[in-house]
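Colleague: Residues per chain, in single letters:
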Amino acid sequence: MAAVQETVDQVRRIESDQYKYGFVTDIESEKAPKGLSEEIVRFISAKKDEPDWMLNWRLEAYKRWLTMTPPGWARVAHPEIDFQDLHYYAAPKKKPALASLDEVDPEILKTYEKLGIPLREQEILAGVARPEGERRIAVDAVFDSVSVATTFRKELEAAGVIFMPISEAIRAYPDLIRAYLGSVVPISDNYYATLNSAVFSDGSFVFVPEGVRCPMELSTYFRINERNTGQFERTLIIAEKGAYVSYLEGCTAPQRDENQLHAAVVELVALDDAEIKYSTVQNWYPGNADGVGGIYNFVTKRGDCRGRNAKISWTQVETGSAITWKYPSCILRGENSSGEFYSIAISNGHQQVDSGTKMIHLGKNTSSRIISKGIAAGVSQNTYRGLVSAHRKAVGARNFTACDSLLIGDRCGAHTVPYIEAKTPSAVFEHEATTSKISEDVLFYCVQRGLSQEEAVGLVVNGFVKEVLQHLPMEFAVEAQKLISISLEGSVG
Amino acid sequence: MTALLEIRNLRAEIGGREILDGLDLTVAAGEVHAIMGPNGAGKSTLSYVLAGKPGYTITGGEIWFKGEDLTAMAADERAAKGLFLAFQYPLEIPGVATLTFLRAALNAQRRQRGEPELSSPDLLKRVREIAKTLNIDAEMLRRPLNVGFSGGEKKRNETLQMALLEPALCVLDETDSGLDIDALKVVANGVNQLRAPDRGMIVITHYQRLLDHIVPDVVHVLASGRIVETGGKDLALQLEARGYAQYQSEAA
Ligand SMILES: Nc1ncnc2c1ncn2[C@@H]1O[C@H](COP(=O)(O)OP(=O)(O)O)[C@@H](O)[C@H]1O
Ligand SMILES: [Mg+2]
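Chains A and B are the protein sequences, given in the same order.
Heads up: the first sequence begins at 1 in full-length UniProt numbering, then just goes up one per residue.
Heads up: the second sequence begins at 1 in full-length UniProt numbering, then just goes up one per residue.
Any given hint might turn out to be false.
[Unchecked claim] With a straight-line Cα cutoff of 25 Å, these simulated DMTMM-like cross-link-like pairs (lysine to aspartate or glutamate) come out:
no., chain 1, residue 1, chain 2, residue 2
1, A, LYS466, B, GLU92
2, B, LYS233, B, GLU31
3, A, LYS466, B, ASP198
4, A, LYS482, B, GLU77
5, A, LYS482, B, GLU92
6, A, LYS466, B, GLU153
7, B, LYS66, B, ASP198
8, A, LYS466, B, ASP137
9, A, LYS63, A, GLU38
10, A, LYS482, B, GLU31
11, A, LYS482, B, GLU117
12, A, LYS47, A, ASP85
13, B, LYS81, A, ASP272
14, A, LYS437, B, GLU92
15, B, LYS81, A, GLU440
16, A, LYS466, B, GLU117
17, A, LYS63, A, ASP189
18, B, LYS81, A, ASP441
19, A, LYS482, B, ASP198
[What the hints assert, rightly or not] Beyond 12 Å from chain B on every Cβ pair, some chain A residues (computed):
no., residue
20, GLY35
21, THR67
22, HIS78
23, TYR244
24, ASP272
25, TYR327
26, VAL379
27, SER389
28, GLY396
29, ASP404
30, HIS415
31, THR416
32, ASP441
33, GLU455
34, ALA456
35, PRO473
[Stated by the list, open to error] Here's a subset of chain A near chain B, in silico, CB distances under 8 Å, partners left out:
no., residue
36, ARG64
37, PRO71
38, GLN448
39, GLY463
40, GLU467
Note that these hints are calculated values from the structure, not bench results.
Ideal Cβ placement from N, Cα and C applies to all residues, glycine included.
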């Protein structure tokens, strides 16, 4: 036990000083007063210059939310959230002029630079020593509640792809928004999704028209900066018949003593033969070594394979947040459609993760695949919760699920909670689950070859999650690999 | 000149049980020492104590490696200083390609020694050269370390690592176990190529047959936690003929 104990001790020390994104940007911001009321919902809508139909949609959600109670079934524990003690809107004061990056507050640009996000197209285009063949990435950056810059818009427009802040899309493409918003995650879906529907401030909108293969990766970086501010972003991605898009999402937040709430909603719609690949590297502030602070991440992500042969694939690397409550799901409606969920969830310190997926088979010959890798260290709790269901009409539905958990030390916990419901006898569902402790002998073998204890843990864990890492776009895979090592090792990356 | 390795009156225990009970051993650079002995004598324990495996407690005696107190060094530091243990049962690391592991190990050692990391092309070149002499093909280098490897592949892989890391002292624990005669020859040949004036080796084996291929300068018998007899390579042949019963009864 000795070597692992050493790692455990090391790991225990790192959280607070390891989180390298924990800085605060000093910009003036405009905030709504604390608390949630009909007035606040109206205030947000007015700030965004929204049409009446949007305001009414929000108000309906708000009224609904008042009648709801927070869900209690997840294996997470936290003090009751005082929803009146939060700001529901915060924006950099200098109104971002989205036409040009030059008009964005330089402090914000600096922040994104520190985060390593290539906001400036010219930098990317100039290709300062970038490896050959590296794909370019269009970035939409969301700062607190507001989208501050979207890159590569012209080039995307030429391809027919719409990629813009959803607040703008509401004004520019009302018909599309009205047709699709809330069509995958309805207003009444769940407590946090309903809250989001009432108060969402911004997020990304992507529309890839029929037959178009999006010419580059699309990416959004979310950053919470303001104190006591909830971030409620809303993302909507639509891939029309035969379209393809790969979308990446990254998240960070400053170090704060108090918990900050993040409750996003992501909706994906894939029509006939369309494919959407959605990748997340979630690195919200996890709280300090004593479990103080950190983001409460209560997220609803769902994809709808609405057409025949549609395909939606979720890949996530979850390393941050004090609490993660997240189940990216697929509704497999179209005949022959398929859903995938590849997940790495790492919990350390006092983090609590309750994450998994739902694969809801409605159409004939639909298939799904779930590969989940949970790693628990410190005194964290890491739960995989997954539903696989087949509707009576989902003849020939197939699922394969493999859930592996790795424990580092003996003060953490890993739990697997599968729900399987097949209403057609023709469904074939396979489920495999393993839980193991990181092997002392393997670590010693590595250390005997010269690796430090931390490097050994990093190597073994990266091997453990390899199968999932392979599903991330290259740029993200490298970043994720480093992040995994950092979140488990004592060394600064 | 100080010996490469000098062990004086070493006592060590695991799980509250004393296994090494006053062991003395000196290995000079350039020498190959065989350690033979009955099962349970403490041979593997000695190798683990040298390598610094957690759980083993030294309760007495001294170990000097290249003139320094080995017991004061962490296990990874011992490796970087040139102590290599070829495991009797090499461990498997799923998802980590053999080449990735080799790179991680070599560069970790180089970093500790304050040397620059080896570039990927340079590393690949060196690994390929060594791999060729051990009948290791490129496909094996891509496979996850030791996962699904045959006994022979695992031992060849240990030898590959040893050759790449160029240790000052090689400790080979039962390298012959699980090998058929052809595999044994390949591995022994690889080991023999590493014999060098500035390198010492401790070859631990239960059977004499390995020593037909790796001919030792000195042969020791380890029984009941200490070296009970030392001789030339003929001692191995005698042991083969008469067995270890004599030492075991002594111990009892
Ligand atoms: N973890 C352990 N706890 C207690 N006793 C052990 C442990 N590991 C090995 N031993 C004992 O130590 C003795 C020496 O074992 P070992 O060094 O493996 O012998 P050898 O390699 O010579 O066969 C054996 O009696 C074995 O049972
Ligand atoms: Mg042994």
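Colleague: Check the structure against each numbered hint from earlier and tell me which ones fail, lowest number first.
Modeller: Result: hints 3, 10, 13, 19, 29, 32, 33, 34, 36 and 37 break, sorted rising.
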